[in-house]
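*Asks:* Chain residues, written in single-letter form:
2 protein chains.
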Amino acid sequence: MTPTPADHRASVDEHHARVAALLAGLRSTATETVALEAALGRRLSEPVHSAVALPPFRNAQMDGIAARAADLAGGRAVPVVGTVAAAPGAVAPLAPGTAVRIMTGAPVPEGADAVVPIERVVMTATEAGESAAVADAVPSGAFIREAGGDLPAGGEVLAAGTVLASRHIAALAAAGRSGVEVARRIRLAVISTGAELAAPGATLAPGQIFDANGPALAAAARAAGCEVVLQERSSDEPEDFAGVLARAAAEADVIVTAGGISQGAFEVVREVLEPHGAWVGSLALQPGGPQATARFAGVPVLCFPGNPVSAQLSFELFLAPVLRELAGLPARTVESRRLTVDLDSVADRVQLVRARADHAGGVTPVAGPGSHLVVAMAHADRVIVVPAETTHLPAGSEVTAWVL
Amino acid sequence: MTPTPADHRASVDEHHARVAALLAGLRSTATETVALEAALGRRLSEPVHSAVALPPFRNAQMDGIAARAADLAGGRAVPVVGTVAAAPGAVAPLAPGTAVRIMTGAPVPEGADAVVPIERVVMTATEAGESAAVADAVPSGAFIREAGGDLPAGGEVLAAGTVLASRHIAALAAAGRSGVEVARRIRLAVISTGAELAAPGATLAPGQIFDANGPALAAAARAAGCEVVLQERSSDEPEDFAGVLARAAAEADVIVTAGGISQGAFEVVREVLEPHGAWVGSLALQPGGPQATARFAGVPVLCFPGNPVSAQLSFELFLAPVLRELAGLPARTVESRRLTVDLDSVADRVQLVRARADHAGGVTPVAGPGSHLVVAMAHADRVIVVPAETTHLPAGSEVTAWVL
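Line order of the protein sequences matches chains A and B.
Each residue of the first sequence is one higher than the last, beginning at 1347 in this note's numbering.
Each residue of the second sequence is one higher than the last, beginning at 1347 in this note's numbering.
Worth double-checking, as some hints may not be accurate.
Per the computed footprint, the stretches of chain B lying under chain A, defined by three or more beta-carbons under 8 Å from a beta-carbon of chain A, are [claimed, not checked]:
#	stretch
1	1494-1507
2	1586-1595
3	1719-1732
Calculated from the model, a selection of chain A residues having no Cβ within reach of chain B, i.e. all distances over 12 Å [stated by the list, open to error]:
#	residue
4	Ala1416
5	Val1468
6	Glu1542
7	Gly1627
8	Pro1711
To be clear, the hints were calculated from the coordinates, so they are not data collected in a lab.
Quick caveat, the model's predicted, so the values are computed rather than measured.
Where is the CB? At the ideal position from N, CA and C, for every residue including glycine.
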């Protein structure tokens, strides 16, 4: 038998536009305060200004002596009258014609205008203690870090929108921040549907399969920067699904469902959401043909097919890019690779082919196209995207591949 | 004044080797069980085999009818005697010369050897109910997914060492796993030293600065896949530092310290660790010259300088690659870029220059080289690595740059 002919299939581009419209309001303005320890990878929701100058005070760049540069001119020895450590406490002004030992980071005493690294100082014991002399000329300002040299007090440490890496957290800490205001993560709910689904870890009854979609879509959402606020299975009973959906809508910014949207007799997602104005249709896409979008209690709902490969690839294609952008994560890596074997593709369908890359720039499809082949997909590391109009690609063709 | 001349400086390569030897035992064999919800990004510590075949039973690939292919030959109509849903429960064998409606994923009844998609079936109402006929020839096995077609029962779902992405979690769930055994994260302790350090969020007394190193190194460790089990500040009192160190050693696989290892008068890390056989020295590296390594109560200790830029770059250079490899994270991205300006570099020192990339393949140093410029470093997105022997690079030179 030949494949089912296409009838009224929407293009992938049309569906991207439909999803974009549905999710247009998803960029939340909600923020939350997190401690610096929990801020890694979060996106600042406001510019951060420093309460203090950085450095907060004039300090020594090296271990050495602090003195007036002029007092050291011509190699003249000056008495060393004390030591200034990098430690709390006020530091006495430096009397003219004297020097102090000083440690890196310690406040430079008022009156001193130069620090000389200890390796360049000739220290001599005297009756009164010790004296210091420097052979080379010492310029005023040498080895001194001025207060505010990195940032003046009130200066902007980081702009709003910065996605925080460790170097940003260093700057925030240096500026005295123990917590920051960040964009709240997108709260996502996952509902997998199907009377046949059992919880992983249970014992399978005849006719049951373990639910792969719930754990897979929840993990994909976390990888895309979301907080998963609900992950439940629903039977094919409309009351059951409507109940889960209501709980999801009360908690989530966006809801993802798997299953229940094709042409069969027990299509619970379709049955419950069509009266709410859902768009339900078929795309020129394989796997991932059946798709739906809806809004339930104001919350956008993306409905993916129930075959686990279809559900995962639908998430990657339509939702992950939006979520990653909102979370400030880098876009998916897309490569050009050379097919190692011939590849046939169904006409008038964008085909998403699970594949593995090699070290020679090649890419090879793995296993078959069946959208139930969840283990085979786990062993893939690329997805080849075959355009709708392409029906055959000879070995050696350059193809576009997503890096998984 | 000219820079301090080099004296007995160890090379960066020597120190890499010293750190590698120190950390050779760090690959922990310790494992822990985590729920599937918490398994994203973790590394499997054992191969996972499936308790069930995948699929667990022979099932329909499409919504349609299930029948004996031979019974449909020549377009013959057969009575439709029932419906099989994708739902738990035993399914009765198919009587010869009959068909059943069947849903995607539903068990194919014993006796049936083909599924025909509903779009290709001509259904006719009869007195007894309805009958089904198919115009095209139906091959035996059509649209049936055989039990074990993805993986036989007992087959390996994933190999030990797999770093779990969402597609792996899908396969684990499909195989019935609700939790997995993964390598325990490396437990890392961070101790920042210096009497001058105040907790971010506190009010600064004269001579105090906020501790940037603690939060920065903890965040860098988390970004490199570690669990941070301790993050404390220590004064310059040996008893204080030894106390924190003992607490750290009781909890951590590896300890990182900042400060207290140079030539000043209050070098607490050096003072406490030299009696334990610490290596303390200077590297041909800027920033990051002072470095030390030790073992305390059997736990490896990496000691970085206290200037926050030096501490962060030391972590990136010497520790992050080891930790990322242990966590199964990808290696740092290194690029070749074109300098947009002239760059001078101190002789006989590997120089790590904070810089920003542009969209034309260029890279431009940011701010000055001062290792206290923590805000300037936050605004960098690259680090240019200048080899020790290089003292001048004209604008246009190709340089090696890490992506931060």
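*Asks:* Run every hint past the structure and note whether it holds.
*Replies:* Each hint tested on the structure:
no., hint, in the structure
1, 1494-1507, "holds (count 6)"
2, 1586-1595, "violated (count 0)"
3, 1719-1732, "holds (count 7)"
4, Ala1416, "15 Å, holds"
5, Val1468, "14 Å, holds"
6, Glu1542, "4 Å, violated"
7, Gly1627, "15 Å, holds"
8, Pro1711, "15 Å, holds"
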